[in-house]
Structure formats: structure tokens, C-alpha cells
Amino acid sequence: MGYWGYFVVAESASPLGGLACTRATPGLTLNRRLSGDWQVWEHPAEPEIEADDLALALAEETGKPALVGFVMDSDCVVIEAADSSNGAWTACLSPKAMAGYLADDGQRPEDWMLAPNQAAEHAVTWARLTGHQVANAPLVEIFQKEADPFAEDLFFALLGSLGLGPE
Numbered sequence: 001m002g003y004w005g006y007f008v009v010a011e012s013a014s015p016l017g018g019l020a021c022t023r024a025t026p027g028l029t030l031n032r033r034l035s036g037d038w039q040v041w042e043h044p045a046e047p048e049i050e051a052d053d054l055a056l057a058l059a060e061e062t063g064k065p066a067l068v069g070f071v072m073d074s075d076c077v078v079i080e081a082a083d084s085s086n087g088a089w090t091a092c093l094s095p096k097a098m099a100g101y102l103a104d105d106g107q108r109p110e111d112w113m114l115a116p117n118q119a120a121e122h123a124v125t126w127a128r129l130t131g132h133q134v135a136n137a138p139l140v141e142i143f144q145k146e147a148d149p150f151a152e153d154l155f156f157a158l159l160g161s162l163g164l165g166p167e
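Counted from 1, the sequence shown has number 92 at position 92 by the working numbering; the numbering is strictly sequential.
Any given hint could be a false lead.
[Said to hold, decoys possible] Subject to a maximum C-alpha distance of 20 Å in a straight line, what follows is the list of computed SDA-like cross-link-like pairs (lysine to any residue):
#1 Lys96 - Pro149
#2 Lys64 - Glu11
#3 Lys64 - Ala127
#4 Lys145 - Ala97
#5 Lys96 - Glu110
#6 Lys64 - Ala97
#7 Lys145 - Leu102
#8 Lys145 - Asn117
#9 Lys64 - Asn117
#10 Lys64 - Arg23
#11 Lys145 - Ser74
#12 Lys64 - Ser12
[Stated by the list, open to error] Simulated restraints, written as ranges between beta carbons of each label pair:
#13 Ala24 - Asn117: 15 to 25 Å
#14 Ala13 - Gly160: 21 to 31 Å
#15 Ala13 - Ala115: 28 to 38 Å
#16 Gly18 - Leu129: 31 to 41 Å
#17 Glu121 - Asp53: 21 to 31 Å
#18 Ser14 - Leu129: 18 to 28 Å
#19 Asp53 - Leu30: 15 to 25 Å
#20 Ala103 - Asp148: 14 to 24 Å
#21 Gln107 - Ala13: 38 to 48 Å
#22 Arg32 - Asp105: 29 to 39 Å
#23 Asp73 - Gln144: 12 to 22 Å
#24 Gln118 - Asp53: 19 to 29 Å
None of these hints come from the bench; they were simulated from the model. Glycine included, each C-beta is placed from N, C-alpha and C at the ideal position.
Produce the complete structure using the sequences and hints provided.
Written out as C-alpha cells, the structure is:
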């Protein structure tokens with residue numbers, strides 16, 4: 001059995017777990033710090049978090065772009081990204097695995113998520129708002145790639161491609 005849980009990513013001089021929008025989420029813990037004041041916090045799958053609402057709330061509270069990733073059994077990741085000027089967008093990592101999960105409910109990834117090319121375009125804009133100029137092609141590749149073996153690795157590769165490297 002793989003990992004089920006959330007990664008919450010935002011830039012803040014204060015710990016993300018202490019922000020008004022995250023205080024109602026017990027169990028949120030620091031996973032790692034990235035360059036600048038970027039932080040990755042983690043939460044186990046229960047209780048469920050409305051990732052899109054949290055990404056928007058973080059963007060509004062910090063005034064900077066935010067991103068939440070929901071990892072599903074280490075197979076795939078739902079990406080919810082937001083910024084205070086453009087709103088939110090949803091994509092996935094490991095799209096074939098995501099299709100398998102959604103097929104159980106008679107749905108398809110394109111019913112809920114951007115296609116890899118569209119996701120990459122939104123990610124380039126999102127990164128620009130963080131102060132990073134990034135290339136589109138590596139992002140398309142990440143959004144098309146399947147987890148091997150863990151979707152968490154794709155998630156952190158995405159952060160790196162967005163210019164959010166380790167401290």
C-alpha cells in the first residue's frame with residue numbers, strides 16, 4: 001500500500017501550519033523547506049481536505065501562488081494550484097493511473113483536469129508569478145509521465161521544474 005496524503009506548498013515567512021487558512025487542519029506538519037521562504041507541509045489523507053479551496057485560501061492569505069497535491073496510493077497526484085490574480089487550475093501527475101481511479105466512478109481525467117499541454121501552460125504562468133522563468137517542455141513531460149515507482153517523486157520533480165528547488 002502506497003502513500004495517501006496531501007502536500008501543501010506556499011511561500012511564507014511564517015510557518016504554513018500557523019496561517020489562518022490552515023489552523024483548522026490538525027496534523028499538518030513541515031515536510032521540507034525550499035529555496036527562499038517556500039515550504040512544503042504534509043498531511044495524511046484523513047480528514048479530507050478541499051485542496052482547491054485550500055490552494056485559493058493560501059494564495060489569498062499569503063498574496064502569492066500556492067499549490068496543493070493530493071497523492072493517491074503513491075500512484076498519481078491531483079494538483080490544485082492557485083494565485084490571487086488568476087484563480088485556480090487542476091491537473092494531475094501520472095494520468096494513466098488517474099484515469100484508472102476515475103474510471104471506477106465513470107469519469108475521465110479530462111472531466112476534471114487540464115490536459116498535460118494546458119497544465120504546463122498554466123504552470124509556466126504560475127511559476128512566473130513566483131518570480132521564476134521556466135520552460136514549457138519539461139513541464140509537459142512531467143504532466144505526461146507515469147509514476148515509477150512513486151507519484152511523490154513526480155510531485156517533487158514538478159516543484160523543481162517550477163523553480164522551487166531545495167534550500
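Going down the list of hints, with the structure as the test:
no.	hint	result
1	Lys96 - Pro149	holds, 14 Å
2	Lys64 - Glu11	holds, 7 Å
3	Lys64 - Ala127	holds, 11 Å
4	Lys145 - Ala97	holds, 10 Å
5	Lys96 - Glu110	holds, 12 Å
6	Lys64 - Ala97	violated, 31 Å
7	Lys145 - Leu102	holds, 18 Å
8	Lys145 - Asn117	holds, 12 Å
9	Lys64 - Asn117	violated, 24 Å
10	Lys64 - Arg23	holds, 18 Å
11	Lys145 - Ser74	holds, 14 Å
12	Lys64 - Ser12	holds, 9 Å
13	Ala24 - Asn117: 15 to 25 Å	violated, 36 Å
14	Ala13 - Gly160: 21 to 31 Å	holds, 22 Å
15	Ala13 - Ala115: 28 to 38 Å	holds, 36 Å
16	Gly18 - Leu129: 31 to 41 Å	violated, 23 Å
17	Glu121 - Asp53: 21 to 31 Å	holds, 23 Å
18	Ser14 - Leu129: 18 to 28 Å	holds, 20 Å
19	Asp53 - Leu30: 15 to 25 Å	holds, 21 Å
20	Ala103 - Asp148: 14 to 24 Å	holds, 21 Å
21	Gln107 - Ala13: 38 to 48 Å	holds, 40 Å
22	Arg32 - Asp105: 29 to 39 Å	holds, 33 Å
23	Asp73 - Gln144: 12 to 22 Å	holds, 20 Å
24	Gln118 - Asp53: 19 to 29 Å	holds, 22 Å
In this structure, the earlier hints numbered 6, 9, 13 and 16 are contradicted, and the remaining ones agree with it.
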